[in-house]
Amino acid sequence: MMSVGISGYSAYVPRLRIKKEDYAKAWGSFQAAGVAEKSVMGFDEDVLTAAAKVSRKALESVPLPPGNVTRFAFASTTAPYLEKLLSGTVLVNVGMPNGAFASDHTTSTRAGTEAFISAFEHVKATQGGVAVVAAADAPRASMWDPLEHPMGAGAAGFVLSSDNLIAEVEGYSSYVMEHFGERFRPTGGDLLQDLSVKKFFATAFMTCTTKACGALVKKLGAKPEEYAHVVIQQPDAKTPGSVAGKMLFNDAQMASGLVSTNLGDLGAASTPVGLAAALDSAKVGDRIMVVSYGSGAGSDAISLKVVSDRKPVPGFKEQLEKKEYIDYIQYVKLKGALK
Amino acid sequence: MAHVSVPMYWRTIPQRYKMVGQKCKKCGAVNFPPKGVCKHCNASSDFEELQLSGNGKVHTFVLIGAGGAPPEFAEQMKAGGSYPVAIVELAEGPKVIGQMTDVNPKDVKFGMSVKAELKKIYTEEGVIRYGFKFAPDAEGK
Numbered sequence: 003m004m005s006v007g008i009s010g011y012s013a014y015v016p017r018l019r020i021k022k023e024d025y026a027k028a029w030g031s032f033q034a035a036g037v038a039e040k041s042v043m044g045f046d047e048d049v050l051t052a053a054a055k056v057s058r059k060a061l062e063s064v065p066l067p068p069g070n071v072t073r074f075a076f077a078s079t080t081a082p083y084l085e086k087l088l089s090g091t092v093l094v095n096v097g098m099p100n101g102a103f104a105s106d107h108t109t110s111t112r113a114g115t116e117a118f119i120s121a122f123e124h125v126k127a128t129q130g131g132v133a134v135v136a137a138a139d140a141p142r143a144s145m146w147d148p149l150e151h152p153m154g155a156g157a158a159g160f161v162l163s164s165d166n167l168i169a170e171v172e173g174y175s176s177y178v179m180e181h182f183g184e185r186f187r188p189t190g191g192d193l194l195q196d197l198s199v200k201k202f203f204a205t206a207f208m209t210c211t212t213k214a215c216g217a218l219v220k221k222l223g224a225k226p227e228e229y230a231h232v233v234i235q236q237p238d239a240k241t242p243g244s245v246a247g248k249m250l251f252n253d254a255q256m257a258s259g260l261v262s263t264n265l266g267d268l269g270a271a272s273t274p275v276g277l278a279a280a281l282d283s284a285k286v287g288d289r290i291m292v293v294s295y296g297s298g299a300g301s302d303a304i305s306l307k308v309v310s311d312r313k314p315v316p317g318f319k320e321q322l323e324k325k326e327y328i329d330y331i332q333y334v335k336l337k338g339a340l341k
Numbered sequence: 004m005a006h007v008s009v010p011m012y013w014r015t016i017p018q019r020y021k022m023v024g025q026k027c028k029k030c031g032a033v034n035f036p037p038k039g040v041c042k043h044c045n046a047s048s049d050f051e052e053l054q055l056s057g058n059g060k061v062h063t064f065v066l067i068g069a070g071g072a073p074p075e076f077a078e079q080m081k082a083g084g085s086y087p088v089a090i091v092e093l094a095e096g097p098k099v100i101g102q103m104t105d106v107n108p109k110d111v112k113f114g115m116s117v118k119a120e121l122k123k124i125y126t127e128e129g130v131i132r133y134g135f136k137f138a139p140d141a142e143g144k
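The listed protein sequences derive, respectively, from chains L and Y. If you're matching positions, the first sequence starts at 3 in my numbering and goes up one per residue. If you're matching positions, the second sequence starts at 4 in my numbering and goes up one per residue.
For reference, chain L alone in the conformation it holds in the complex (with noise of 0.2 Å):
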């Protein structure tokens, strides 16, 4: 069978950054377990344009034309319209055809792997299909609340296809279940909510992940330490870990992807932006686990195999050093939190 996955990728991280520090000023403590820094999106700048920046750079990084994409499929919670077709902005700018299949996935933090996972399947019954990824996210909620303090921006971008791969898809599963009361956006609402049970959340989170990861290793007769990679749903920096035991990862094999520390909460974007730092890290012959997670709530777990040292320029890490810092009332006033 003809062997699908990556052949271009690129990852975009908004220059401007906001210190833990500064929201222990404003607001007494930081509740976003181990995240140091993250980042913030300038006032011109949105999920779509930065789904557009690195549609662009994934597919140059291949090299590809824009006009031979047959499928794209735009991933985020944070989108600038809650009705009106978001892919369309990103293709037209892209140069991507008119007549290319595009999709919108919105609703939940799980909303990146799902686009990844219905690109793959396009790419895995077109032939010569080429598919673009985008995930970009910036997630909102109130100042008021604790649930404000991890979220950060960021997106990252693949292009899939049959051709010139630098990790092949080996596989993936899911697991979707019932459950509420955790990260939720009821209809009319503008900002995210949260019944603050703990527990809520950490059951299912625990329940979805190590279930959707469990089928994909027993599928694929897969051993969890052959995995050099492991890239979890970041929330915050502490979480993933939570779950990973379970699994049977370690931190080492987690540290590649763990982009959360410097970058907080990416939301629909964090475990492709985690896929995009630990490609950038990997060798050939490596193997890669990503895990989403999204409330309500499902995880998707993908599992890739290194087959190409190619990697984009700027890498992640020169985008991670290229940052300027704001205080708290400049991201305040850049959240749109003031009315």
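Each hint should be verified, as a subset may be incorrect.
[Unchecked claim] Now the stretches of chain Y that chain L is said to cover, found in silico as 3 or more residues with beta-carbon under 8 Å:
id, region
1, 24–32
2, 37–49
3, 58–69
4, 80–90
5, 113–122
6, 133–141
[What the hints assert, rightly or not] Computed cross-link-like contacts, DSBU-like style, restricted to lysine-lysine with a CA-CA straight-line distance of at most 30 Å:
id, chain 1, residue 1, chain 2, residue 2
7, L, 325, L, 313
8, L, 335, Y, 38
9, L, 324, Y, 38
10, L, 285, L, 324
[Unchecked claim] Here are the computed distance ranges between Cβ atoms for each label pair:
id, chain 1, residue 1, chain 2, residue 2, range
11, Y, 68, L, 339, 16 to 26 Å
12, Y, 38, L, 147, 16 to 26 Å
13, L, 205, Y, 52, 51 to 61 Å
14, L, 189, Y, 63, 27 to 37 Å
15, Y, 113, L, 247, 30 to 40 Å
16, Y, 8, L, 190, 26 to 36 Å
17, L, 36, Y, 42, 56 to 66 Å
18, L, 340, Y, 15, 57 to 67 Å
19, Y, 36, L, 205, 28 to 38 Å
In short, the hints are calculated from the structure, not lab data. By construction, the Cβ of each residue, glycine as well, lies at the ideal position given by its N, Cα and C atoms.
Since the structure of chain L is already known, use the hints to place chain Y on it.
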């Protein structure tokens, strides 16, 4: 406010989102933004579409400070502080005006390489107006 109606904006999406310019079939000069009559030979309205690269160099720039921003950019200035507006000489020749983005205003220099990127320009009639701004291009020559 410099009002641009939704239909007018919509009609200019190719130039605003993708930097599609035009090449004069008579004199060969590149026009951007597109014109009714070639601004170089003033003699032809016969063009072919040309996809511009978005690459260019800062020809000159100015910083828009407090009170200097037009109404549609007033909120941007209040939230993000003063912002640079540049005249950029595009690789294909035309000089265009546009905001600089993703840069500390202190770091803008004459002659610096820039690349056009899709950004939010402003919001009017509930519609986010996307278009290009110029970001520093480290890889640019």
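**Message:** Hint by hint, where does the structure go against what was stated? Just the numbers, ascending.
**Reply:** 1, 2, 3, 8, 9, 12, 14, 15, 18, 19
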